[in-house]
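**Q** As a plain string of letters, each chain reads:
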Amino acid sequence: MTRHRKIDHPDNDNRLDSMAQGVLGKPVDRLEGPLKVSGLATYASEARPSGMAHGVLVRATITKGRVVGIDRQAALALPGVMTVITDPRMVRYPAQGMAGKGPKAGPDVVDYHGQPIALVVAEGFEQARHAAKALRITYEEEPAPTDPDTVTPEVPDAKQKAQGDLDAAIRDAAFSVDCTYTTPTLMAVAMEPHAAIAEWDGDRVTVRAALQMLASDRKQLADALGVGPEQVRLLAPYVGGGFGSKLGIAPEAVAAAIAAKELGVPVSVALTRMQEFDITHRRSESRQRVLLAAGADGVLTGIGHEALVSNLPDSPFSEPVTQATPFTYQAAHRRIAHRIARVHRSCAGSVRAPGEAIGVTVFEAALDELAEAAGIDPVELRLRNIPDREPGTGRPYSVNRLGDCLREGAHRFGWNQRRAPKERLEGEWFIGMGMAAAVRVNMLIESRARVTLTEDGAKVETDMTDIGTGTYTILRQIAAEMLGLPVDLVEVHLGDTDFPPAAGSGGSFGAASSGTSVYLACEDIRARIAERMGCTDAELRLQDGRASFRNDTRELRELLAGEVLVAEGHVEPGDAEKQARQATWGAHFAEVAVSRHTGEVRVRRMLGVFACGRILNEKTARSQCLGGMTFGIGMALTEGVEHDPRTGHIVNRDLAGYHLPSHADVPEQDVVFLPDRDGFAGPMQAKGIGELGICGAGGAVLNAIYNACGVRVRDLPATPDKVMP
Amino acid sequence: MREFQYSRATSVADAVASGATFIAGGTNLLDLMKHEIAVPGRVVDISRLDLDRIEPEGEGLRIGALVRNSDLAADHRVRQSYPVLSRALLAGASGQLRNMATTGGNLLQRTRCPYFYDTAMPCNKREPGAGCSAIGGVNRMNAVLGVSDQCIAAHPSDMAVAMMALDAVVEVEGASGTRRIPITEFYRLPGDTPHMETALDRGDLITAVLLPAPKGGEHRYRKVRDRASYAFALVSVAAVVRMEGGVIADAALAFGGLAPMPWRVSAAEDALQGQPPSPALFDRAADLVLSGAQPQEDNAFKLPMARRVLAATLADACRMEDPQ
Amino acid sequence: MQTELFINGRVHRLDADARVTLLDALRHHLGLTGTKKGCDHGQCGACTVLVDGRRVNACLTLACMCDGAEITTIEGLGEPGALSPLQSAFIAHDGFQCGYCTPGQICSATAMMDEIAAGWPSHATEDLNAPVRPSPEEIRERMSGNLCRCACYPNIVDAIMEVQG
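Chains as they are written, first to last, in the working numbering: chain A, 258 to 982; chain B, 87 to 410; chain C, 3 to 167.
So here's chain A without its partners, still in its complex pose (with noise of 0.2 Å):
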């Protein structure tokens, strides 16, 4: 049986309220935690299949060209080596998430520095290592652009906006600014480096891999290969992390499944941290310009957001920076601008929260400096200016809590301790206080769960992937609560796509989607319990391992007597996303010290406040948000990816030279959730929440600078030497 629904309507039942088990939203532990303490969670790497292989991929040395020789002998005469492969197939650069299609092939033509041409495959991993540093390669080379700033960049006519007469606005307005900010590349740097396993039975292959959307990820790899769909099987029960780099197939899974069937072995490549670097998609670095008109009230009259980024010639995606700035505050009179830049790094995609992370951080950062033009509290300023109707399309929003959050932020953090720059000092520190907004788009996407109720409990089947968002213990708790079984009788098997396909993990869609169909699948179970009680779904009670309706009570297993129940559920987004503007929404707040003398700075406390539906569990959603918060802390202060100027390629590519924050430098981090409920968001009211805590957060932390030592950092990240007041 097959629960269908397209989310055509608010749905604001809100039936998960009347619900009796109580589970739904409660602090569960998750579900894997156990074996993921023991190290018995077993990543994309860590099969053994016998007769394993170790293949690893060899790069270009040259920006663009092609290659037109590869000399494999000292390679192949090394010991252990079984064969160097530059099959045709052999991809570029990874999908971008979602893609029908595998991503760009032929390793032969070199579109960036770094790319993959070749794997050797050797017997031992030992012995691969070296081989690959052995092959000699020669190359035609060309010359190509790798700086963003120095080629004409694409307008592309769909991606401007204009409303009113922005530059009039400007030119009238009480007060205004005109500031451009520029963000580096970034990198998503899961802790799990991309890697897969690949079996062949017959013309069937099963790849172990790291990913994060199976069901497109197989639509990807069977077309890479030039096979069938269902030629290809996808295992993803544990992913170390994703952030966007493991939405689309990467080199390593086509590569493992070409070699595998030449060799007739079961074949591993796993790339290496600087592999990760050079291969995996990167955030596009931007040069975002913002442009704000207001009044002497601090009401804005003119809002413009232009942004740069860049990609490869040709590729699809292009970092969506002001994704939000069109309905985020109000203005008569606004302009978006998008540019991009081809040119020859590596390719750029998705990562956590493409477009708002650094168009809310940039946009956050400049809406502080006209706070502090027009003398207007920086929480105020945007209070007044938070729109009735989505500016433009003149839509309601679902529901808009950007003020709440932002009063109940600025109350629980002490705002009004904020003082003026340079006024608070504690020996060599200067104290300081920042905020920004939070606020990050909402979206569906199709999914399917099947869920089995026996007689011990119930199970929940679907390709979904838990990439330590908490999918296990949310779906478990889902079912928990429509079936009313304590959750430890509830199972929860992921990441196959032998499974009903799923959203899969990105976007911040996973929870709502993949927790929907899971939803459904549990509401007609409900409905066939019902039927069995004599009652309506509306009128079953169902807690402990119990059915009641009125004052009949009885136990699921007398119900079913000896039968299994299984339901499949299947969302759909339908009208609802088109009728209302739905985001999810937050406020940061961020004390930090500067150092007088070094321009060091420590970030010492930071609060977010988030509205993003229901909460499905506490403790997993609150972990999701300290994450995107600490996002926010490198991106502000030391992430950045260097480009050399010759090549384009990362030169600091790896994890001492590309400086994730540490330990050291995270501290106290506070997350509140409003009770928030968002029927279009569907029936169980639930909305995104993985990347909304990394929107705005780094602007919370360079206002938070600007306030302590009155030194504005437009050029990220906030390193000692920007920063030396």
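Hint data in this document are derived by calculation from the structure and do not stem from the laboratory.
Take these hints with a grain of salt, some might be off.
[Stated by the list, open to error] FRET-style restraints, in silico, Cβ to Cβ:
#1 C:132 / A:306: 12 to 20 Å
#2 A:435 / C:121: 55 to 63 Å
#3 C:87 / A:972: 45 to 53 Å
Glycine is no exception: its CB is placed at the ideal position from the N, C-alpha and C atoms.
The hints should help you fit chains B and C onto chain A, whose structure is shown.
**A** Structure of chains B and C alone, referenced to chain A:
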């Protein structure tokens, strides 16, 4: 990593006679071997030699070459009498790496210049005559002092900076017997031979580092880096300063992150001697430290940063009010 | 190379290429994949194990150099149903999300608590010659060799503080 012959040394003499590449902590050597930047044919494991003790010698200390960084930092004699050394060690690397890295190995750390690490890019240190990619490339972390047109790599060690300020002496066992090399003469500037970094000859084994009698005074190690922990220095300074009657009786200063070796400028120390501390005096000392600097586009900030770090560190060591 | 390793109280005899690191010995040869490879160059801490009681990066250690050594990996600290107090605290405080850095964090923290007990100072220690007291600042500095991209840092500190007492 290329194949190599592995053996374990049973004595210092055995190790020296081998003429092989020595491995102890492995924290840098294995890193370089994986990249095939270091390609030894023979590797002799010296980690079990009896060189892991810290003992008094004269009025100073003799630190065995195999004493781990964490043990050295935690040693009570070091904490009490050479705190600048403890502080420098604790400012470097991570708890895990300090548990592995040895005193001798730390002195021999290779640069962290990203082009030295990237075998796709020319590097004179890796391959003499190939060219320097850091010049004209990304060079934010590179050196501004003591550089040449062949190489602008910076020395990455924190420990060695403190050793420099403490006038440590490196004890070396070689084919011709034991010799003692003052740390000021241990490192070589790149000049035209950036691949030659120290005074060691093939087969030489560092057996100990000797610290002279404690200098007393105030010990400071201040390191500025891109994150709060677990990062290499942009600029660091080790300062040992003794005050007498309101003037600086003597000062030893050494810098990290600025040069191809821990950097010490005696003229700057002389300028401080006998003077009452003041911001103007510290500025004069910084002038002397930084004279002759040859910054690149990305790392020119190191000059003002070094000036500020020096001033702040000296003010702290002289117990001045925080200078305005 | 013939190497004898005492891992989690059991003897393992390894016959492998001299180039095999302790990390790859565990993961590729001995079926102990709890120890993770995050960078293979000592820059992330995911491979942290205890060798003779001390935390080290298994990626920068040759297996053959550990001949005769006592090695404790995450699998040796506890297992589902019999978790160590720290493993349990990580679950209770949600000290992980994706879980990939987690074995390294837990091994590192286990040894780090011993280092505090032994009175080792850290970069965060105010007075080098006074007794060391565990505090969030001390723990953050001492755990900085273990990167977590999911960024559960505050939860990890809470978990350690609970066990450290």
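**Q** Which of the numbered hints are not met once you compare them with the structure shown?
**A** 1
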